[in-house]
Amino acid sequence: MDFDNLHQVLRNLYQEMMPLCGDMIGVAKGIAGLGALFYVAYRVWKALASAEPIDVFPLLRPFAIGLCVMFFPTVVLGTINAVMSPVVQGTHAILEGQTLDLQAYQQQKDDLEAEARRREGKAWLVDDEVYEQRLADMGITERTWYDIKAGFRQLVRDFFELLFNAAGLTIDTLRTFFLVVLSILGPLSFALSIYDGFHSTLASWISRYISVYLWLPIADLFSAVLAKIQTLMLQADVLALQDPNYIPDSGSGVYIIFLIIGIIGYFTIPTVAEWVIQSGGAGGAMGGIN
3 MDFDNLHQVL RNLYQEMMPL CGDMIGVAKG IAGLGALFYV AYRVWKALAS
53 AEPIDVFPLL RPFAIGLCVM FFPTVVLGTI NAVMSPVVQG THAILEGQTL
103 DLQAYQQQKD DLEAEARRRE GKAWLVDDEV YEQRLADMGI TERTWYDIKA
153 GFRQLVRDFF ELLFNAAGLT IDTLRTFFLV VLSILGPLSF ALSIYDGFHS
203 TLASWISRYI SVYLWLPIAD LFSAVLAKIQ TLMLQADVLA LQDPNYIPDS
253 GSGVYIIFLI IGIIGYFTIP TVAEWVIQSG GAGGAMGGIN
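For the sequence shown, the numbering used here assigns the number 3 to the initial residue and increments by one for each residue that follows.
These are calculated hints, taken from the structure and not from any lab test. This structure is a prediction, so every number in the text was calculated from the model and none was measured. Each hint should be verified, as a subset may be incorrect.
[Stated by the list, open to error] No more than 20 Å apart at the CA atoms, straight line, and that leaves these computed lysine to aspartate or glutamate pairs for EDC-like:
no.	residue 1	residue 2
1	Lys31	Asp198
2	Lys111	Asp239
3	Lys230	Glu18
Build out the structure end to end from the sequences listed, making use of the hints.
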């Protein structure tokens, strides 16, 4: 299963769902127009009743919001996405840099480990031809027991890799779902913010959208931190393998531990996003998972 393709499908889904917010613009314009009428009429009447001068500047608020509703995909979504896009690209570049370093050190470790196995007399662990000959020389009982142990280790590793990738895909799917819902119903939120008692809806919508949008950059930073830790551990292993007397460990327990850390860490991303920009709703929706 190629999880990279699934993540790309989710990104394409977000782009294809964006035009649907246009269906809500007509309804939102009606609500915004009615709200602007009440908003202006109430304040003008209040000023006249109190024999006070009319302050024109606050009366421009519903008209500014109305313009945002009319051109919501371009003015609101386009502006926010354009501002946040460099953040996504920057964190992804950090992740790619750490991944390249990790792959380079992993290849260096594999080469040194192969030499160490040959010195140890266990070349069959790193050489396919010697491995086949080793299996042929084993008895039936010994070969069966070895196959069971090797199969179990691989099964455990594949299981945690699947959970790790599934956790990342879950966060990405929920992020896309929240962004689509906020984008489609965004014009309605803007229109309702004109009415007295709903003014905070505007700031709440913006903060929630940015908070959910930051899930992807935070996930990239988290993956970059894990990759950096693994790189430092590989550097230590490379230095140890340069000693001719060092015997490497054949287990993959450390790798599985990092997979478990990654699985747990992915579901803390909504909470971390709440630390970056204060909002409510998205973190509460993830409360059951956390």
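Hint by hint, here is what the structure shows:
The hinted pair formed by Lys31 and Asp198 meets the criterion: a straight-line CA distance of about 17 Å does not exceed 20 Å. Between Lys111 and Asp239 the CA atoms are separated by roughly 7 Å; this keeps the pair inside 20 Å, and the hint holds. The hinted pair formed by Lys230 and Glu18 fails the criterion: a straight-line CA distance of about 35 Å is larger than 20 Å.
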